[in-house]
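Participant: One letter stands for each residue in the lines below.
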Amino acid sequence: DAGITQSPRHKVTETGTPVTLRCHQTENHRYMYWYRQDPGHGLRLIHYSYGVKDTDKGEVSDGYSVSRSKTEDFLLTLESATSSQTSVYFCAISEVRGRNQPQHFGDGTRLSIL
Amino acid sequence: GNSVTQMEGPVTLSEEAFLTINCTYTATGYPSLFWYVQYPGEGLQLLLKATKADDKGSNKGFEATYRKETTSFHLEKGSVQVSDSAVYFCALSDYGGSQGNLIFGKGTKLSVKP
Numbered sequence: 006d007a008g009i010t011q012s013p014r015h016k017v018t019e020t021g022t023p024v025t026l027r028c029h030q031t032e033n034h035r036y037m038y039w040y041r042q043d044p045g046h047g048l049r050l051i052h053y054s055y056g057v058k059d060t061d062k063g064e065v066s067d068g069y070s071v072s073r074s075k076t077e078d079f080l081l082t083l084e085s086a087t088s089s090q091t092s093v094y095f096c097a098i099s100e101v102r103g104r105n106q107p108q109h110f111g112d113g114t115r116l117s118i119l
Numbered sequence: 009g010n011s012v013t014q015m016e017g018p019v020t021l022s023e024e025a026f027l028t029i030n031c032t033y034t035a036t037g038y039p040s041l042f043w044y045v046q047y048p049g050e051g052l053q054l055l056l057k058a059t060k061a062d063d064k065g066s067n068k069g070f071e072a073t074y075r076k077e078t079t080s081f082h083l084e085k086g087s088v089q090v091s092d093s094a095v096y097f098c099a100l101s102d103y104g105g106s107q108g109n110l111i112f113g114k115g116t117k118l119s120v121k122p
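Residue numbers (our numbering), protein chains in the order written: chain A, 6 to 119; chain B, 9 to 122.
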């Protein structure tokens, strides 16, 4: 299994509070991704990174920011959490970014915003 | 834009039954196609992939053939086991559009009864 650790695994917080989720990898892969999983939507890309300090937006980036100061860590921040951001968040990594390359996923963070 | 449509289920089968989960896609260019599996409480794991027309991906008794003429990538298994109970996601790679990266179907939940 790819060495991907997401923390925390579960979090409950209140509307309006800031939240940061962490993804840590031990594979030294260049590319890292954040997805959210919601019933009836599958997985949707929030942001991705193609190197240290290099990030780009995905399909559902509004309300989220990311940072990558080291190869191994990719942080997802909800500046002011809303109930619509209640979801399961998955981090993924890939060694290269090409049409044939699969991504490897962490075990997810279940986030509930009350 | 590019998209993936898969039967949403849930699908309930008896052990040793034949499994088909339908997946069709819309894409420009020549995407690669993937099936991922998600066991309860875990992240997504790559099950199989196919990178060009008529390719057959296979793993753990599961198979899927990339059919360009019908834009399909149906997942099949000849004899399912209780341990195959999971959610299955079809996905395509999209590295040319604004969405970028993997595009997922909504997932199909499979339950196998003893």
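Treat each hint with caution, since some may be false.
[Unchecked claim] Keeping only pairs whose Cα atoms sit at most 27 angstroms apart, straight-line, the calculated DSS-like set for lysine-lysine is:
(1) Lys60(B) <-> Lys121(B)
(2) Lys114(B) <-> Lys16(A)
(3) Lys16(A) <-> Lys68(B)
(4) Lys60(B) <-> Lys76(B)
(5) Lys75(A) <-> Lys58(A)
(6) Lys76(B) <-> Lys121(B)
(7) Lys117(B) <-> Lys85(B)
(8) Lys114(B) <-> Lys62(A)
(9) Lys85(B) <-> Lys114(B)
[Claimed, not checked] Pairwise CB distance ranges, derived in the manner of DEER restraints:
(10) Ser66(B) <-> Glu32(A): 40 to 50 angstroms
(11) Lys75(A) <-> Pro18(B): 35 to 45 angstroms
(12) Ser12(A) <-> Lys117(B): 22 to 32 angstroms
Hints in this document: simulated from the structure, not taken from any laboratory.
C-beta atoms are modelled at their ideal positions from N, C-alpha and C, and glycine is treated no differently.
Participant: The structure should be examined with respect to each hint, and the outcome stated for every one.
Facilitator: Evaluation of the provided hints:
{"no.": "1", "hint": "Lys60(B) <-> Lys121(B)", "result": "35 angstroms, violated"}
{"no.": "2", "hint": "Lys114(B) <-> Lys16(A)", "result": "24 angstroms, holds"}
{"no.": "3", "hint": "Lys16(A) <-> Lys68(B)", "result": "34 angstroms, violated"}
{"no.": "4", "hint": "Lys60(B) <-> Lys76(B)", "result": "8 angstroms, holds"}
{"no.": "5", "hint": "Lys75(A) <-> Lys58(A)", "result": "8 angstroms, holds"}
{"no.": "6", "hint": "Lys76(B) <-> Lys121(B)", "result": "34 angstroms, violated"}
{"no.": "7", "hint": "Lys117(B) <-> Lys85(B)", "result": "15 angstroms, holds"}
{"no.": "8", "hint": "Lys114(B) <-> Lys62(A)", "result": "21 angstroms, holds"}
{"no.": "9", "hint": "Lys85(B) <-> Lys114(B)", "result": "20 angstroms, holds"}
{"no.": "10", "hint": "Ser66(B) <-> Glu32(A): 40 to 50 angstroms", "result": "25 angstroms, violated"}
{"no.": "11", "hint": "Lys75(A) <-> Pro18(B): 35 to 45 angstroms", "result": "41 angstroms, holds"}
{"no.": "12", "hint": "Ser12(A) <-> Lys117(B): 22 to 32 angstroms", "result": "27 angstroms, holds"}
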